[in-house]
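In order, the protein sequences belong to chains D and S.
Each residue of the first sequence is one higher than the last, beginning at 197 in the numbering used here.
Each residue of the second sequence is one higher than the last, beginning at 109 in the numbering used here.
FYI, nobody ran anything at the bench for these hints, they're computed from the structure.
By construction, the Cβ of each residue, glycine as well, lies at the ideal position given by its N, Cα and C atoms.
There are no misleading hints in this set.
Non-contacting residues of chain D with respect to chain S, defined by C-beta distances greater than 12 Å in every case (computed): (1) S380; (2) V477; (3) A478; (4) M488; (5) F493; (6) A495; (7) R507.
Taking lysine to aspartate or glutamate and the DMTMM-like style, the derived pairs with C-alpha atoms no more than 20 Å apart in a straight line are: (8) S:K556 - S:D357; (9) D:K396 - D:D463; (10) S:K419 - D:D288; (11) S:K556 - S:D132; (12) D:K200 - D:D233; (13) S:K419 - S:E549; (14) S:K242 - D:E246; (15) S:K242 - S:D227; (16) S:K556 - S:E421; (17) S:K242 - D:E251; (18) D:K501 - D:E409; (19) S:K419 - S:D403; (20) S:K134 - S:E559; (21) S:K242 - D:E237; (22) S:K242 - D:D233.
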Amino acid sequence: MASKNKRLLWLQSGGCGGCTLSLLNTEAPSLFTALADIGIELIWHPSFAEQSLDEAMHLLQRLADGSEPLDMLCLEGSVMTGAAGRFHLLPDGQSMSTLIEQLARRASQVIAVGTCAAYGGISAAGDNLTGAVGLDYAGNHPGGLLGGHFHTASGLPVVNISGCPTHPGWVLETLALLASDSLSAADLDPLGRPRFYADKLVHHGCDKNEFYEFKASATAPGQMGCLMEHVGCKGTQAHADCNSRSWNGEGSCLTGGYPCINCTAPDFADPGHGFFSTPQVAGFPVGLPTDMPKAWFVALSTLSKSATPTRVRQNAVLDRLTVPPSLPKKGKA
Amino acid sequence: MSRRILGPFNRVEGDLNITLDFADGKVSAARVTAPLFRGFERILLGREPLDALAIVPRICGICSVSQSVAAAHALSQLYGITPPANGQRVLNLIHAVENIADHLSHFYLFFMPDFARADYQQHGWHGETLARFKAQSGSAVAPMLEARAILMRFMGSLAGHWPHTLCLQPGGVTKVVSAAERVRLQQWLRSFRRFLEQRTFGQPLEAIAALDGQAALEHYRAQTPAADFAHFLHIADSLQLQQLGRSYDHFIAAAAYAGPDGPWSPAGLWQQGLSQPLPQEQISEDNHSSWLAGDGPSAPLHTDTVPLPDKAEGYSWSKAPRVAGLAAETGALARGLLRGEPLLNEMVASAGGNVLSRVVARLTEVARIVPLMEHWLAALELEQPFQQPCPASAVHNSAVGLTEAARGMLGHWVTLDAGRISRYQIIAPTTWNFSPRDSKELPGPLEKALEGVDASDPQALQVQHIVRSFDPCQVCTTH
Numbered sequence: 197m198a199s200k201n202k203r204l205l206w207l208q209s210g211g212c213g214g215c216t217l218s219l220l221n222t223e224a225p226s227l228f229t230a231l232a233d234i235g236i237e238l239i240w241h242p243s244f245a246e247q248s249l250d251e252a253m254h255l256l257q258r259l260a261d262g263s264e265p266l267d268m269l270c271l272e273g274s275v276m277t278g279a280a281g282r283f284h285l286l287p288d289g290q291s292m293s294t295l296i297e298q299l300a301r302r303a304s305q306v307i308a309v310g311t312c313a314a315y316g317g318i319s320a321a322g323d324n325l326t327g328a329v330g331l332d333y334a335g336n337h338p339g340g341l342l343g344g345h346f347h348t349a350s351g352l353p354v355v356n357i358s359g360c361p362t363h364p365g366w367v368l369e370t371l372a373l374l375a376s377d378s379l380s381a382a383d384l385d386p387l388g389r390p391r392f393y394a395d396k397l398v399h400h401g402c403d404k405n406e407f408y409e410f411k412a413s414a415t416a417p418g419q420m421g422c423l424m425e426h427v428g429c430k431g432t433q434a435h436a437d438c439n440s441r442s443w444n445g446e447g448s449c450l451t452g453g454y455p456c457i458n459c460t461a462p463d464f465a466d467p468g469h470g471f472f473s474t475p476q477v478a479g480f481p482v483g484l485p486t487d488m489p490k491a492w493f494v495a496l497s498t499l500s501k502s503a504t505p506t507r508v509r510q511n512a513v514l515d516r517l518t519v520p521p522s523l524p525k526k527g528k529a
Numbered sequence: 109m110s111r112r113i114l115g116p117f118n119r120v121e122g123d124l125n126i127t128l129d130f131a132d133g134k135v136s137a138a139r140v141t142a143p144l145f146r147g148f149e150r151i152l153l154g155r156e157p158l159d160a161l162a163i164v165p166r167i168c169g170i171c172s173v174s175q176s177v178a179a180a181h182a183l184s185q186l187y188g189i190t191p192p193a194n195g196q197r198v199l200n201l202i203h204a205v206e207n208i209a210d211h212l213s214h215f216y217l218f219f220m221p222d223f224a225r226a227d228y229q230q231h232g233w234h235g236e237t238l239a240r241f242k243a244q245s246g247s248a249v250a251p252m253l254e255a256r257a258i259l260m261r262f263m264g265s266l267a268g269h270w271p272h273t274l275c276l277q278p279g280g281v282t283k284v285v286s287a288a289e290r291v292r293l294q295q296w297l298r299s300f301r302r303f304l305e306q307r308t309f310g311q312p313l314e315a316i317a318a319l320d321g322q323a324a325l326e327h328y329r330a331q332t333p334a335a336d337f338a339h340f341l342h343i344a345d346s347l348q349l350q351q352l353g354r355s356y357d358h359f360i361a362a363a364a365y366a367g368p369d370g371p372w373s374p375a376g377l378w379q380q381g382l383s384q385p386l387p388q389e390q391i392s393e394d395n396h397s398s399w400l401a402g403d404g405p406s407a408p409l410h411t412d413t414v415p416l417p418d419k420a421e422g423y424s425w426s427k428a429p430r431v432a433g434l435a436a437e438t439g440a441l442a443r444g445l446l447r448g449e450p451l452l453n454e455m456v457a458s459a460g461g462n463v464l465s466r467v468v469a470r471l472t473e474v475a476r477i478v479p480l481m482e483h484w485l486a487a488l489e490l491e492q493p494f495q496q497p498c499p500a501s502a503v504h505n506s507a508v509g510l511t512e513a514a515r516g517m518l519g520h521w522v523t524l525d526a527g528r529i530s531r532y533q534i535i536a537p538t539t540w541n542f543s544p545r546d547s548k549e550l551p552g553p554l555e556k557a558l559e560g561v562d563a564s565d566p567q568a569l570q571v572q573h574i575v576r577s578f579d580p581c582q583v584c585t586t587h
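Sequences and hints are given; from them, build the entire structure.
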């Protein structure tokens with residue numbers, strides 16, 4: 197346990213606030229109790245702090261000029277660098293990107309909460325005329341506001357809790373590890389994401405695994421079958437533990453009946469194809485499961501399709517499990 | 109004349125600054141600035157129509173489902189399909205969960221903490237308010253968050269997660285409900301009802317919904333002083349909040365919560381005690397004071413979004429929507445007036461839309477919606493479909509999707525060209541409420557509501573109460 201509370205400042209810029217609202221879904225204990233329990237003092241947050249207007253601005257300035265210490269900075273939303281910062285201005289006419297940079301260089305730990313703050317995310321999609329970037333990445337590449345390869349005085353790079361939105365557990369557990377100085381650079385993956393959730397794939401624990409095994413595929417969202425072959429699902433490539441830790445009590449994109457769009461990846465918002473369709477070459481999906489040789493995928497899926505049980509094939513294109521598994525035959529149980 | 113720039117406002121969703129001009133110690137003119145622009149209307153261009161379902165929820169983390177509902181409505185029209193009754197019921201449930209969770213977050217986390225500030229310590233109610241509603245640590249906060257999290261399990265079960273679900277489709281929803289799931293959902297809803305009846309209202313929800321005038325509201329307050337809602341009414345009486353924040357008293361709403369007998373909450377325009385059908389064709393966007401190309405009123409189906417950060421007349425990234433040339437207010441109060449609720453009609457007849465009536469409208473709406481949710485859950489026909497298949501291509505080239513977010517009317521105006529999105533214009537609730545001046549220099553509703561207010565104290569607390577009484581969502585405003 198940390199001997200002294202860590203002082204955390206949370207800022208928002210070019211985003212939707214959804215990572216904060218998702219964090220508010222924290223259950224047992226609820227958010228503010230949980231933060232206190234892990235030794236974090238939330239010194240200001242745009243959604244929750246009492247201080248507003250001048251008193252908030254003065255606090256931000258004291259933190260930026262170093263006259264008040266800052267342990268942790270969380271940024272939610274992308275940094276808007278276009279038009280000399282005019283896409284996000286503070287009341288005094290200063291650009292928000294300038295303030296963010298000053299604070300990032302003061303804080304001992306810098307955390308990008310959500311895909312926008314990490315890489316630019318959806319705010320950087322399309323023609324990105326606002327110049328939206330992440331804290332230390334612009335899309336897949338180091339860069340962004342802090343130039344790439346940034347380290348705080350404590351030696352840590354920016355911690356990228358990517359996700360659109362982030363799971364409350366990803367954020368709280370990262371903050372808890374940081375608060376007790378138990379997260380090192382080795383605990384982050386090559387894109388700066390905490391490995392405790394980013395070393396898993398959304399595919400792990402997916403409800404639809406039996407359909408995947410037999411390539412029994414759905415043809416539209418809402419059908420029981422695997423959504424990879426036709427409906428755009430990227431769960432086999434997406435780095436996150438969404439199906440091994442549930443959302444809002446018992447959910448995930450897949451249990452909700454719709455495809456994973458790989459929202460922890462830097463460029464998820466510009467997939468180059470419709471979100472609900474899977475590009476194919478010669479009848480096979482272009483995006484293959486991570487680390488799987490294509491020839492093996494083709495061979496295995498051809499074999500497994502020929503072995504698909506009738507039950508699985510029929511259920512795959514229905515909106516609910518209709519054909520149940522058979523019981524073991526008498527005498528063979 | 110003197111000038112004061114207020115900001116950053118917090119405990120609102122997104123970024124907000126306000127410039128006040130003073131004469132004789134009172135606000136003579138207010139200019140509301142939405143200082144953040146992302147450009148979702150451009151991010152959507154050139155994409156397949158269904159891709160809107162992945163993009164638009166990400167406009168807003170707090171009205172995420174409302175954005176999806178507006179898009180799904182527009183796409184239903186484009187593809188020429190109608191969700192089956194079960195699809196509509198589940199959509200209503202998901203949408204209601206978001207809207208009432210937003211109402212509670214607004215009341216407990218955003219609005220009430222201002223009354224716990226030391227500035228009010230001379231009032232007899234301050235000690236209790238401090239104990240209960242102090243930002244983050246008040247005793248009412250953790251129980252509300254726990255109840256909210258239980259309610260949000262509806263999102264895990266029905267929508268995969270919240271925010272940013274893809275479960276709402278033009279033909280219905282992607283998740284069917286089983287009998288066992290319905291039992292779980294009913295248990296969670298009963299648990300949430302218990303919280304409301306014990307903490308928020310201190311009375312059965314039906315008793316709150318039955319409050320039919322100011323005398324009944326006063327009687328409720330006297331009878332149930334310990335309830336959070338009654339505590340607010342006590343503060344409102346002490347500070348005379350009904351005299352604060354009156355705007356034009358023009359109210360608009362879209363239809364919300366469709367059912368076989370029409371929507372539960374009807375669309376319309378309310379002026380001087382009279383309701384008329386929503387004149388949808390007379391809705392325009394005016395970019396005169398926006399850092400966007402364009403000047404006078406323009407129909408949303410024919411407007412493009414081109415940022416001009418150096419535009420001299422500009423002072424906000426928000427557009428100025430108008431209906432028949434009017435700056436109109438939208439939100440729970442507008443919906444309640446258009447539903448003909450006696451309490452809200454009486455309150456507005458006596459003191460207009462104001463800080464008190466806006467908050468009363470929001471909380472009494474929570475009390476009305478939970479029983480509706482119970483009804484929709486019970487009415488699910490579990491063996492029937494929840495979704496219609498979506499055809500391969502759209503059959504129409506333009507559509508308008510209108511709905512009600514917690515904080516008011518939300519519209520998506522969509523145009524396709526060669527099967528791709530060629531124009532996508534969004535008018536969000538706070539675009540209406542916090543709009544800048546239009547080309548006729550007509551102030552937006554909040555700008556009007558701030559005129560004449562005393563903002564001489566360092567924290568401009570009256571301004572803060574008025575601003576938050578609208579439950580603004582600035583990320584939606586500029587999108």
